[in-house]
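Residue numbers (our numbering): 39 to 900.
If you are wondering where the hints come from, they were derived from the structure by calculation, not from laboratory data. Check the hints yourself; a few may be wrong.
Restricting the straight-line Cα-Cα distance to at most 16 Å, the calculated cross-link-like pairs of lysine to aspartate or glutamate (EDC-like) are [unchecked claim]: (1) Lys114 <-> Asp349; (2) Lys348 <-> Glu119; (3) Lys856 <-> Asp868.
Derived DEER-like restraints, expressed as beta-carbon distance ranges [to be verified]: (4) Asp823 <-> Glu196: 44 to 50 Å; (5) Gln184 <-> Asn315: 26 to 32 Å; (6) Thr353 <-> Asp418: 56 to 62 Å; (7) Asp349 <-> Pro747: 22 to 28 Å; (8) His800 <-> Ser843: 14 to 20 Å; (9) Ala183 <-> Glu312: 41 to 47 Å.
Even for Gly, the Cβ is constructed at its ideal location relative to N, Cα and C.
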Amino acid sequence: ATLQSARALADLEKQVAANAGHPPADETVPEALETYFLQVGENFEQLDYARLPRSQAASEPFSVPGTPQGLKSEPKPHQREAFAWLTEAWERKLPGVLLADDMGLGKTFQALMFLLWLQRTSEHPKPVLIVAPTGLLRNWQAEIAQHIEPGLLGPVVEAFGANLRNIRFEPGSDIRGGTSRLDVSEWESAGIVLTTYETMRDYHMSFARIPFAAIVYDEIQKLKNPASQMTRAAKALNGRLQIAMTGTPVENRLQDLWSIADTVYPGFLGSSREFENRYPASDLERLGDLQQRLIERDDELPPFMLRRMKDEILTGLPEKSARKYAVEMPPAQAQAYDLVLARARALRESGEQGAMLKVLHMLRGTSLHPLPPRGITDIDAYIAQSARLQKTFEILEGVKQRGEKALLFCEDLEMQAFLAMAVQERFDLQRRPMCISGSVAGHKRQEMVSAFQTSSAAFDVLILSPKAGGVGLTITAANNVIHLSRWWNPAVEDQATDRAYRIGQNRPVTIHIPMAIHPDEAIGPSSFDQRLDALMDRKRSLSRGLLMPPESERDVEDLLSDVLDGRHAQPEAGEFTAVASSTDASSWKDRRSASVRDISLVDEAPDEDHLSFSADVAASSEAPIAEESDNPEPAMPANEPQIPMSTEALPVEEAGPLVEKAGVEKPETASRETARPTRRPILSVRSPIEAAEARTPFVQRVVFEQYGPRDWAIFEQYARDAAIARLEVQDPYCCADEQARSRLVNFISRFEQLSSQIDAVHIVTFDADSVQTRDQESTHDQRKDLEERWQRTMASVPLHLVQKSRRSGGDLHDRFVKARLENGDNVIWDLGRGIDGVMNARWSCVVNAFHERPAAASSRVH
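Whenever a hint applies, use it, and build me the whole structure from the sequences.
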């Protein structure tokens, strides 16, 4: 065992001794127990621990071994090169390597070639551990069956999910009790041990007992945070060679790369502090030096990293082209966008922490659609309210006419469900399109992909979340990729695209990107979709050339300045040239969409990969462990973007529609000519904020993420110092049990503290007969308990409680809070999960705020 693992195991023995008194086998371990981790060298401020290759191995001659017997697939030249690199790393006794090939080059197959060679050439082979996201474990098993003759890799152990119950000594996980709780005695005779990152973390004391021949970390960007529990657990494991696999070694910041390298090859890049000082993100020359250190040989040692780009290797792949469509927002969407801009100035000037990210969330949401897809009765009318949806269904119509299939990426779970329904109805499909998100189990995802791949239908659509459906899946039956809602990080978007553009694709692939553009001449060039697209193009270009995106703390501020103040980053030569996109010389402003009835603001749902994380832990019968760093990124993560944009403003006379410079397609034409930049004088241009303030705000929306903070800004902005004549609460389950009633009282109490006064509170809920509770309370008991709680906290505020039966008339399933203000305004907060969703971080919750002004006041605004 390595010194690191020996120290970790010694600490393990101490933990075992300290926890000698275990609960009986039929008892569950309380969640209140401390969390235990094996101690490892962190290498943050200084280099505490390093693994170095053995010097004698570096001087021994090396010849590339032949392809191992038992392969069912013929490796391509670049895959043979990877095999030679891995075998040399093994022979030279390197501690770890990074296989960072571009997506679609067959990293899994390359690793399996090496593992087969290792199994066939070792006299006493040790097991290999493969750690992968939940959704990829079935993919590994499928790849083993596809490429390796049966049985040659040895027994495959599934150390995850429900299988853990069969090998656990007692309930609970290692890190809850401080002892190893898995029976790993049979693993030493196994060939492959498969597990998830979460299971590896929760049971790392058990995994640390086994000396693995190799450890493979698939999609190792899961360990990009060096302070996370997952990364600490991985560093405690014992593997002679550790193989990191990812097509995106740097997703957000340069420290991602350091964390990955320090996990599989401790000491290779020095300490975190040393790495940060030696390779500042702003010094391109230093970054070039880092690139060379990663990919060049060191004397007789093979390079630490192998990275090849797909377009440089796979000459046989068909053409890939991108088409961007600038589509004018319909009136309702434009008005909802105006609301965000009007709200943005107050937030930006407030100095509130996280204010800029809130604005970006709202801008991103309303650019998708001005209304959440709930209770839709007229599909066509709903589609007509969104510029992007309109264009998406136009694109799908063309896909159907060509007899092709499409992948449609969108992370909002409600929107996914609507899209499936709308596609089925619009195109008269026999079955509803499948949706892959984080809530779909890994094996189920693979089944859905297989069904899509083998379907005999000429036209079909598969709807996916960019993260859950953007990793590890091969979906070459589709040759159209539509990014309905774009992920903030271009690396994530490229991963999603390459589900279709990879080995096995034999038709040209077209990427479709619809963009919503505001119709106002002063706002349109700075529309969020337009500016985000420019930023992503720049980040993508830099990350390809330098492997990592340079960091800048000003990115969010600069992007907001572009969007809110009408400032445009000066484009570099050729920056806005779109591949295979058609344009039209006519102005996009000349088109007008039909008016619609409703106006609101939408934002994306939280990252569904958090659902995947929870599902995986539930499958292993363990409660999820809250930690700051391992929770999947939110839709607009705080540490993105990382690429600096120029803050230099264009001259006024050059501030024509940026959409014409971008070379993006106008939906009503088929011209293949490239539009030239239009220059015209603009004498008096209002900023987007000023233009928006001339319109009446209507609706806002926020998403409280699962296990995330509950920011009360959406309530506070209306309730603070307000005189509330009547506060109405409708929630069918707000009195269901003691916890619900406690949350209800606390919720209203916060309103009382914020407002200057509340004259009365009116609550409508289900009676006890309509709600099944463990205590089986009566309606009288519920009322009495609530009144007692009320008297203790808000005795001066009159309470009127109405408890209704499910059988009574009316719909109580709508959950909302309504404040009738003394000035005549009404504010309504629609609560997706009710009071419980707002006050309990266990659930995600969507809150929509509707601010209604009297007609006279509204007319004065205009």
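Results of checking the hints against the structure:
no. : hint                          : result
1   : Lys114 <-> Asp349             : holds, 15 Å
2   : Lys348 <-> Glu119             : holds, 14 Å
3   : Lys856 <-> Asp868             : holds, 9 Å
4   : Asp823 <-> Glu196: 44 to 50 Å : holds, 48 Å
5   : Gln184 <-> Asn315: 26 to 32 Å : violated, 46 Å
6   : Thr353 <-> Asp418: 56 to 62 Å : violated, 45 Å
7   : Asp349 <-> Pro747: 22 to 28 Å : violated, 42 Å
8   : His800 <-> Ser843: 14 to 20 Å : holds, 18 Å
9   : Ala183 <-> Glu312: 41 to 47 Å : holds, 45 Å
Hint compliance for this structure: hints 5, 6 and 7 are not met, and every other hint is.
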